[in-house]
Structure formats: C-alpha cells, structure tokens
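Student: Listed below are the residues making up each chain.
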Amino acid sequence: MSSESGKKRKPKVIRSDGAPAEGKRNRSDTEQEGKYYSEEAEVDLRDPGRDYELYKYTCQELQRLMAEIQDLKSRGGKDVAIEIEERRIQSCVHFMTLKKLNRLAHIRLKKGRDQTHEAKQKVDAYHLQLQNLLYEVMHLQKEITKCLEFKSKHEEIDLVSLEEFYKEAPPDISKAEVTMGDPHQQTLARLDWELEQRKRLAEKYRECLSNKEKILKEIEVKKEYLSSLQPRLNSIMQASLPVQEYLFMPFDQAHKQYETARHLPPPLYVLFVQATAYGQACDKTLSVAIEGSVDEAKALFKPPEDSQDDESDSDAEEEQTTKRRRPTLGVQLDDKRKEMLKRHPLSVMLDLKCKDDSVLHLTFYYLMNLNIMTVKAKVTTATELITPISAGDLLSPDSVLSCLYPGDHGKKTPNPANQYQFDKVGILTLSDYVLELGHPYLWVQKLGGLHFPKEQPQQTVIADHSLSASHMETTMKLLKTRVQSRLALHKQFASLEHGIVPVTSDCQYLFPAKVVSHLVKWVTIAHEDYMELHFTKDIVDAGLAGDTNLYYMALIERGTAKLQAAVVLNPGYSSIPPIFQLCLNWKGEKTNSNDDNIRAMEGEVNVCYKELCGPWPSHQLLTNQLQRLCVLLDVYLETESHDDSVEGPKEFPQEKMCLRLFRGPSRMKPFKYNHPQGFFSHR
Amino acid sequence: MERAVPLVVPLGQTEVFQALQRLHMTIFSQSVSPCGKFLAAGNNYGQIAIFSLSAALSSEAKEESKKPVVTFQAHDGPVYSMVSTDRHLLSAGDGEVKAWLWAEMLKKGCKELWRRQPPYRTSLEVPEINALLLVPKENSLILAGGDCQLHTMDLETGTFTRVLRGHTDYIHCLALRERSPEVLSGGEDGAVRLWDLRTAKEVQTIEVYKHEECSRPHNGRWIGCLATDSDWMVCGGGPALTLWHLRSSTPTTVFPIRAPQKHVTFYQDLILSAGQGRCVNQWQLSGELKAQVPGSSPGLLSLSLNQQPAAPECKVLTAAGNSCRVDVFTNLGYRAFSLSF
Chain B
1 MSSESGKKRK
11 PKVIRSDGAP
21 AEGKRNRSDT
31 EQEGKYYSEE
41 AEVDLRDPGR
51 DYELYKYTCQ
61 ELQRLMAEIQ
71 DLKSRGGKDV
81 AIEIEERRIQ
91 SCVHFMTLKK
101 LNRLAHIRLK
111 KGRDQTHEAK
121 QKVDAYHLQL
131 QNLLYEVMHL
141 QKEITKCLEF
151 KSKHEEIDLV
161 SLEEFYKEAP
171 PDISKAEVTM
181 GDPHQQTLAR
191 LDWELEQRKR
201 LAEKYRECLS
211 NKEKILKEIE
221 VKKEYLSSLQ
231 PRLNSIMQAS
241 LPVQEYLFMP
251 FDQAHKQYET
261 ARHLPPPLYV
271 LFVQATAYGQ
281 ACDKTLSVAI
291 EGSVDEAKAL
301 FKPPEDSQDD
311 ESDSDAEEEQ
321 TTKRRRPTLG
331 VQLDDKRKEM
341 LKRHPLSVML
351 DLKCKDDSVL
361 HLTFYYLMNL
371 NIMTVKAKVT
381 TATELITPIS
391 AGDLLSPDSV
401 LSCLYPGDHG
411 KKTPNPANQY
421 QFDKVGILTL
431 SDYVLELGHP
441 YLWVQKLGGL
451 HFPKEQPQQT
461 VIADHSLSAS
471 HMETTMKLLK
481 TRVQSRLALH
491 KQFASLEHGI
501 VPVTSDCQYL
511 FPAKVVSHLV
521 KWVTIAHEDY
531 MELHFTKDIV
541 DAGLAGDTNL
551 YYMALIERGT
561 AKLQAAVVLN
571 PGYSSIPPIF
581 QLCLNWKGEK
591 TNSNDDNIRA
601 MEGEVNVCYK
611 ELCGPWPSHQ
621 LLTNQLQRLC
631 VLLDVYLETE
641 SHDDSVEGPK
651 EFPQEKMCLR
661 LFRGPSRMKP
671 FKYNHPQGFF
681 SHR
Chain D
1 MERAVPLVVP
11 LGQTEVFQAL
21 QRLHMTIFSQ
31 SVSPCGKFLA
41 AGNNYGQIAI
51 FSLSAALSSE
61 AKEESKKPVV
71 TFQAHDGPVY
81 SMVSTDRHLL
91 SAGDGEVKAW
101 LWAEMLKKGC
111 KELWRRQPPY
121 RTSLEVPEIN
131 ALLLVPKENS
141 LILAGGDCQL
151 HTMDLETGTF
161 TRVLRGHTDY
171 IHCLALRERS
181 PEVLSGGEDG
191 AVRLWDLRTA
201 KEVQTIEVYK
211 HEECSRPHNG
221 RWIGCLATDS
231 DWMVCGGGPA
241 LTLWHLRSST
251 PTTVFPIRAP
261 QKHVTFYQDL
271 ILSAGQGRCV
281 NQWQLSGELK
291 AQVPGSSPGL
301 LSLSLNQQPA
311 APECKVLTAA
321 GNSCRVDVFT
331 NLGYRAFSLS
341 F
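For the record, the sequence lines run as chains B and D. Per full-length UniProt numbering, the very first residue in the first sequence carries number 1; after that it's consecutive. Per full-length UniProt numbering, the very first residue in the second sequence carries number 1; after that it's consecutive.
Just so you know, not all the hints are guaranteed correct.
[Stated by the list, open to error] Chain B side only, calculated, beta carbon under 8 Å to chain D, not exhaustive:
| hint | residue |
| --- | --- |
| 1 | Ile-579 |
| 2 | Cys-583 |
| 3 | Arg-663 |
In case anyone wonders, no lab produced these hints; they're calculated from the structure. Built from N, CA and C at the ideal position, the CB exists for glycine as well.
Working from the sequences, and respecting the hints, build out all of it.
Tutor: Structure follows, in structure tokens:
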C-alpha cells in the first residue's frame with residue numbers, strides 16, 4: 001500500500017526532484033497517460049556502480065537505524081519516542097531511496113533488454129537479407145546454367161555436312177559470303193536448306209503412297225480372277241475322268257492317294273513314297289494303297305507340345321474323374337496302356353503278287369507314341385488251300401514273315417527308348433500285343449526310314465528316305481521268295497503226310513531209280529519236344545535250335561529198320577537248309593554218337609545240301625533231302641557186313657552197285673551216288 | 001542235371017553252314033612239328049589246321065589260342081594220315097601224298113612242296129592212303145591204303161622203290177619194327193603181316209580173327225590199329241585189343257574193352273588206346289585198365305604224343321576223332337582243354 005501510494009505520489013515527487021529532468025518533464029506532462037517515467041532519462045545519467053554503493057549504504061543505514069530503534073525501544077524512556085520518530089523518518093527516507101534505486105534498476109534492466117532486442121532485430125533483418133540474396137544468387141546461377149545448357153532444337157536435326165551443304169545448296173540459300181564468316185548465319189542457312197530438302201522428300205513420299213495403293217488394287221483384281229478359275233478347272237478334271245479310265249491312266253486316283261498321303265505320319269509316308277516309286281520303276285506286281293480314316297488323321301494333326309499338354313491334361317482329367325468314379329487300378333493302367341499302344345488311323349497296304357497268282361497282303365501300321373512301325377501279313381492264294389496238319393504254321397500270319405533277315409523275329413520293339421515307356425505303364429514286352437498290333441520287324445522300320453542305332457541312342461528318330469530306298473528292293477525280293485517257298489512247302493507237306501516224297505522230274509537224276517525205303521510219317525513236333533530228344537543234343541548245343549524255327553519228325557522204314565529223322569526248319573528256308581538228326585532202330589539203336597555211318601549220313605544231307613538244292617529257287621531242297629535219306633538208309637542196310645556167327649540170310653540183300661564197301665580208317669559206307677553211272681562210291 | 005539252354009545267335013546262311021560243317025567234321029590225323037611247338041590236324045574235308053601248342057599251353061592262353069593259327073585246304077578228299085620229318089609235314093588221303101615245309105606253313109597261302117602218287121593198279125577209283133610210315137634208316141616213306149599194297153617211296157628222289165603185295169583187303173595201319181627192320185601192316189582182311197624191308201617179302205602173317213580169345217565176329221575182322229615194341233605187338237579193331245608176342249605169334253593179353261579200338265600206342269610202361277567211345281584208355285601190360293580218361297569227342301581216331309626234345313613244356317597227349325576238337329591232356333589223368341577247328 002505504501003509502495004502504491006509511493007508510486008502514485010512518485011510522479012509528483014520526482015517532478016519536484018532534479019533539474020536535469022526538466023526537459024523531459026515537459027514531455028511527461030504532455031504524455032501523462034503514458035508509462036513514461038522521468039527516471040528513464042535519469043537512468044542514463046546515473047552511474048550504476050554508484051547506485052549500487054548507495055544501495056549498500058542505504059541498507060547499512062537502515063540496519064543501523066533499526067538497530068538504534070531497537071536499542072531505544074528496549075531502553076525505553078520519554079525522549080526515546082522522539083528519537084525513535086526521528087529515526088523512523090530517516091528510515092522512511094531510506095526506504096524511499098531504496099525504492100528509487102529499485103525503480104532505477106528495473107528501468108535499467110528494461111532499457112538493456114530493449115537495446116538487445118533492437119540489436120537482435122537488426123541482426124535478424126540483415127540475416128534475412130543475406131539469405132534472400134543468397135537465394136537469388138542461387139536462382140540466377142541455375143538460370144545461367146540452364147541458359148548455357150539450352151540446346152536448341154535445331155541441333156538435333158542431322159544436318160548435311162558443311163562441304164556437302166556448300167556443294168548442293170543453291171547459292172541463294174547458302175549465301176556463302178555471309179555464312180562463311182558468321183556461324184549463326186551459317187546454321188540458319190543450313191536449316192533453311194534442310195527444310196527445303198524435307199519438303200521435297202515429303203512430296204515424293206506422298207506420290208509413292210498413292211502408287212502403292214494403285215498397285216494393291218490391281219493385285220486384288222487379279223486374285224479374284226484366279227480364284228474364279230479354280231472351280232472351272234475342277235469341273236474340267238471331273239469331265240476328264242471317263243477319258244482317264246478309258247485310257248488306263250488313273251491320274252486322278254493317284255492324285256487322290258497323294259492327297260491322303262499328305263496326312264500320313266512320316267514313316268508311313270516314306271514307306272508309301274518309296275514303295276510306289278519301286279512299284280512303278282522295277283516291279284509291276286507291287287501295288288500300294290492307303291487305308292483308314294483321313295478325318296481322324298486330320299484331328300490328330302497338332303503341334304507336338306500341344307498334343308503332349310492335351311494328353312497330360314486329359315490324363316489329369318481322367319485321374320480326377322476316375323477318382324470320383326473309383327474304378328480299379330487295373331482299368332486305369334489298361335487305359336494308359338491302350339493310349340501308349342495307339343495306332344495312327346491311317347495304314348499303308350502293300351500287295352505283292354507272285355507268279356502263281358498268290359498274293360501277299362501286308363498292312364503297315366504306325367504306333368504313334370512308340371515311334372515304331374508294325375506289319376500284319378496275310379497270304380491269299382488263287383485257289384483254296386487245304387492245309388495239311390503239319391503245315392499249320394507255315395502260312396500263319398503270325399509266323400510267315402518271321403526271321404526274314406536272320407534274327408529278326410519281330411517279338412521285341414526295335415526302339416530302345418520304348419522300354420522306359422513300357423515300364424511306366426507296366427507293359428513287359430511288346431510280344432504280348434503283336435497279335436493285334438502287328439510285328440515290329442527291323443526291316444519294317446528300315447522301310448519306313450526309321451533307324452535305331454544301338455550305340456548312340458538319338459533323341460528323336462526321323463524317317464529317312466535313303467534308308468528306305470536302300471532296303472526296298474532286297475526286302476521285296478525276300479518277301480516274294482519267302483511266300484513262294486512257304487507255298488511250295490505247303491504243297492509238299494500235303495504230299496509228305498501221305499507218305500510220298502514228291503521229287504520233281506528235274507531232280508530225279510540225284511537218286512537211283514529204285515528206292516526201297518519209304519517215308520511212313522511226317523508230323524510237326526514242338527520246340528520243347530525237339531530239345532528233349534536224346535539224339536539232337538549237338539544241334540541244340542551249337543545254338544541252331546532256337547524258338548523261331550519249326551520242328552518236324554519224319555519216320556522212314558524198310559523192313560524191320562526204322563529211321564527217325566528230327567528236322568529243324570529255319571524260317572529262312574530255302575537259303576538256310578533244314579537240319580536233320582537221325583536215330584536208327586535196327587539191331588540196336590544207332591545214333592551219331594555210337595555209329596560213324598549215321599554221322600556220315602547226317603553229313604550227307606546237312607553239309608552236302610547244295611547238291612540237293614535243285615533248280616533255283618531251290619524249293620525242292622527238303623524233299624530231295626528226304627529222298628536222299630531214303631537212299632542212304634537203303635545203302636546202309638544193304639552194305640551192312642554180314643555177321644557169320646549169326647545164322648540166316650541177310651535181311652537186306654545188296655542191290656546197290658558199290659565199288660567198295662568200306663573205305664578209310666572209319667570204314668565208311670559208300671553214300672555218294674554217281675549219276676549217270678548209277679553206282680555208289682565214297683566221298 | 002538240367003541242361004542249360006545255350007544262347008541262340010541269329011545266324012545267316014554262312015554261319016549256319018559253317019556250324020553244320022563243324023558238327024560233321026572228323027579229324028583223322030595229327031602230327032607234331034619237329035620243334036614240338038605246333039600240332040597239325042587233318043580233317044575229312046581235306047583241310048589241315050596248325051595249332052600252336054606253346055601258345056595254348058602258356059599261362060596267358062586265351063580262347064583264341066585254342067583256335068588254329070592257320071587253316072588251309074590241303075587235299076580234295078579227307079586227310080587220313082600225316083607224319084612229320086625233321087623239316088617237312090607229309091600228308092596223305094585221297095591217293096596222293098603231299099609235302100609241306102613246316103617253316104612255310106604258318107604263312108597264309110602256302111603251297112605244297114611236292115606231291116606224289118604211287119603207281120596204282122586200278123584207275124576206276126583212286127584208292128585212299130590210310131597210313132604213312134617213316135623209315136629213318138633208309139630215309140624212305142611207306143604208304144599203304146586202299147589198293148591193298150604197301151608202297152615205299154624214297155624221300156630224296158621221290159621215286160617209288162618197292163611194292164609189297166599180300167593183303168586181300170585194304171590196309172588200315174602200319175608199324176615199324178626197328179630192330180630188323182620190319183614193317184607190320186594191319187588190314188581190313190583181318191591179318192597182320194610182317195614185311196622185311198631188305199628182301200621186300202612177307203615174313204610172318206597173323207590172322208587175328210582166327211584166334212578165339214580175341215575174335216569178335218559181330219564187329220568184323222578188320223584190324224584198325226597196330227603198335228609194336230620190337231618183341232611185342234598190340235593190335236585192335238574188330239577183334240579185341242590184344243597184346244601179341246611176335247616171335248611165337250601168340251596172344252598173351254586180351255584187353256577187356258568191347259568198343260573197337262582205332263589207335264593204340266606204347267608209352268613208357270603203358271599201352272594207350274582209343275577208339276569208339278569217349279575215353280582214352282590206359283592199360284598195364286598185364287591187361288589191367290589203369291585209367292579211362294574221357295575226352296570231348298564221341299569217338300576217337302588218333303592219338304599223338306608230343307615227345308619232341310626241343311619243347312619239353314609242350315609234352316602233351318592229344319586225341320582227336322569224331323568232332324572238330326582236339327583234346328589236350330597235359331597229364332594223362334585228365335583232359336586239360338580242347339583245341340578246336
């Protein structure tokens with residue numbers, strides 16, 4: 001309260017104080033409502049240090065006075081109160097000094113703050129200016145660099161080189177005198193020239209475009225003309241068909257065949273082309289045809305990757321559906337097997353006509369997934385054949401073409417890659433399916449141009465025309481020989497079963513006129529039975545009795561002597577001779593192991609067979625061998641030396657003319673027949 | 001015992017023919033080279049094959065060592081008999097005797113050195129020569145065979161010096177009695193005749209079939225094989241194999257074997273014989289069978305002992321007969337291996 005009143009009273013008090021404050025007092029009078037204290041001017045004049053001293057002195061005085069007051073109060077007395085009052089007044093004065101000093105201090109502080117503030121503001125302003133300037137500098141620098149980097153579009157244009165420009169440009173554009181010195185003008189001139197040139201070229205371009213349009217229109221017109229020609233040509237072809245037939249030139253038929261042939265898979269196509277070529281060039285008895293459904297073939301014609309995907313998709317689908325339907329695993333596997341062994345819908349038919357009007361029908365199939373070809377064979381004869389019992393296998397479709405080339409039995413697939421495919425679907429061997437699929441002989445693959453080399457298995461085997469062509473002639477000839485020899489055997493077997501050895505007249509010279517031993521029995525025996533016979537061990541051990549051969553047993557008799565002959569007929573008859581093994585039952589059992597003469601007889605028919613071949617194509621070999629066996633038995637029995645100790649005449653009197661009965665260390669009988677003298681001698 | 005089924009090899013025409021030829025081959029004669037390292041064998045097709053005994057007997061012998069080093073066509077007919085001199089191989093069969101140089105034969109395409117044909121009586125059929133015998137003292141060769149005569153040929157000049165007649169049927173075998181010198185011949189007529197070479201006359205005849213102990217009429221009377229040890233002779237064939245004392249012409253031992261024997265020879269203190277039947281029989285002089293060693297052929301026709309001093313490592317017995325194989329016995333007890341045509 002007192003301070004407030006002091007403050008209120010202050011302006012008055014202060015006004016009454018200090019002369020230097022007069023000037024400012026005027027001002028303060030005019031601004032009475034302002035917060036202007038006269039001490040503000042005073043502050044500048046007084047020394048802060050002195051004020052501080054004053055403050056300290058004043059505090060000391062106050063302390064002293066208080067202490068005196070204290071003393072006086074404690075002393076008590078009457079004049080104390082005046083002294084106390086005096087001192088109190090002095091303290092009050094001191095209090096007022098203190099207040100002034102306080103005010104001064106505050107004002108000083110305020111001033112100092114104001115000055116700092118001002119200075120700070122100034123500095124801030126400069127700072128801002130500096131920043132602005134820097135920013136502007138940066139901006140300008142950027143602009144400068146931009147300007148420096150500026151590429152005028154005109155630099156992108158590929159102008160012709162200077163020399164060319166001066167050469168080509170007309171003088172009114174090039175203006176050499178001006179442009180030489182001034183690069184700016186030069187560039188301008190060059191740009192001018194460029195513009196000129198471009199305008200000219202644009203003109204040309206437009207002209208060419210219009211030309212092109214015209215020509216295209218012409219082409220259209222001509223195309224239409226040609227397409228209208230096609231139906232007319234077709235009608236002409238149709239009209240000419242009767243003429244073709246009349247002249248025996250079936251071009252149309254051949255054309256149709258070629259059309260169908262386009263849908264054949266490559267190996268069948270190779271076979272078709274080569275067989276047709278061979279038939280036309282060398283062999284008129286060969287005819288070629290294509291069978292099967294062309295539409296199905298067309299449906300199959302997809303790129304390999306797609307069809308593979310389709311297969312896998314359909315497989316997946318199939319698996320799904322089968323999961324839903326839950327069929328047996330066997331059925332699923334069966335379907336996969338059927339898929340693997342699928343045949344191409346088209347097949348090639350070859351018909352080979354032989355001299356006696358019998359025909360060999362060969363149908364060639366292509367197994368798509370296995371990439372091999374198979375063949376089915378059938379023999380038809382001009383007249384109906386009565387098949388004798390023993391001839392059952394001769395012409396059967398299964399075995400008639402077996403071993404056309406040595407060892408080519410057609411029971412195994414020739415493509416080594418197929419084995420892995422078979423393992424996936426559980427097929428053990430193709431031989432289980434050959435009856436319905438046909439035989440995959442090696443020569444069939446060669447005719448289709450497919451070659452499966454054993455040493456380096458190839459990724460994909462492609463059909464090769466030259467391979468087919470090189471094998472065509474030999475194979476056709478072999479096929480014909482095979483059919484003819486089988487048919488000949490067929491006829492001979494019919495006769496043999498009746499006990500007659502059919503010797504043709506041109507082979508009669510090989511045998512003497514009178515042959516007493518006769519053929520009693522001729523039957524087929526099974527391969528296992530042949531192996532079990534005790535007198536055939538040598539042949540079996542020599543590897544000559546395989547399961548592709550046909551086996552027969554013949555029985556020749558004379559009197560009490562019975563000669564059994566086991567015959568191995570190789571499918572390659574008659575180039576490979578039949579092999580005979582003998583067992584004679586007469587006064588004991590004699591075979592080649594205990595009787596040298598029986599061995600010699602076997603040698604006569606087995607080793608010396610070439611004499612018995614007869615005229616080419618040596619279909620008489622088997623019958624001549626059988627007849628010779630009869631003759632040999634005669635000789636053997638008649639030349640047997642008579643045992644003097646046994647009574648009775650010889651069972652077989654000697655009727656054959658022999659120079660000598662025995663010769664050589666092994667005492668051989670004379671088995672060789674000499675024509676025309678008609679006597680027997682030794683080899 | 002189960003018989004293993006052999007692998008069937010795809011055979012073309014030539015392979016089948018060769019297999020059949022081999023099945024029906026008979027090896028009639030053998031002869032060892034003077035150096036002792038090679039063996040020649042002659043077969044019924046007229047071929048002679050030379051085998052290398054040293055290669056087949058060596059420790060690195062492979063299958064190819066058991067095949068002939070060279071095979072060539074020597075005669076048109078079978079080669080019934082062969083003998084070796086110190087440089088030549090003499091072979092005979094279809095009526096001719098041919099000589100070959102051992103040193104040349106190992107090269108392919110060798111030609112015979114010379115060939116001679118004895119003067120035969122008949123011209124209708126050329127008789128075979130079944131036996132050849134070398135007489136070293138005279139340097140001559142004796143041939144005998146189909147014309148029932150013995151011919152002597154001087155090896156140096158090649159002329160035929162004498163003809164010994166007496167047999168009534170063809171001659172199978174010859175043997176030389178060193179001491180005298182005499183030649184023994186056995187023939188189809190069942191007689192063993194002794195001939196003196198100096199007088200060219202028959203000095204002794206033994207008709208084997210007439211003796212009860214050894215005759216076997218069901219086999220015939222033919223004498224297939226002869227061997228002599230100067231005082232003793234062993235012969236066999238149709239009659240039983242018998243040991244004879246020559247001076248007294250009496251049979252001392254009859255060997256109990258039923259099969260007719262085709263070849264017999266003295267070896268050390270044994271008699272080796274072979275004939276119909278697989279085995280090589282070893283007999284003691286007393287008539288006991290010491291051993292019967294089976295071979296690989298169903299019947300044997302010739303035995304050959306390689307006793308050439310130059311090759312003691314090749315001292316083997318070889319046997320051949322009714323097959324294309326020659327069995328080699330390194331030790332008389334068993335068959336070591338077989339050479340094959």
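Student: Under the criterion of a CB-CB separation shorter than 8 Å, is Arg-663 of chain B in contact with chain D as hinted?
Tutor: holds, 6 Å
Student: Taking the least C-beta to C-beta distance, is Ile-579 of chain B closer than 8 Å to chain D?
Tutor: holds, 7 Å
Student: Grab the minimum C-beta distance from Cys-583 of chain B to chain D and call the hint holds if it beats 8 Å, violated otherwise.
Tutor: With a minimum Cβ separation of about 14 Å from chain D (threshold 8 Å), the hint on Cys-583 of chain B is violated.
When held up to the earlier numbered hints, the structure conflicts with hint 2 and nothing else.
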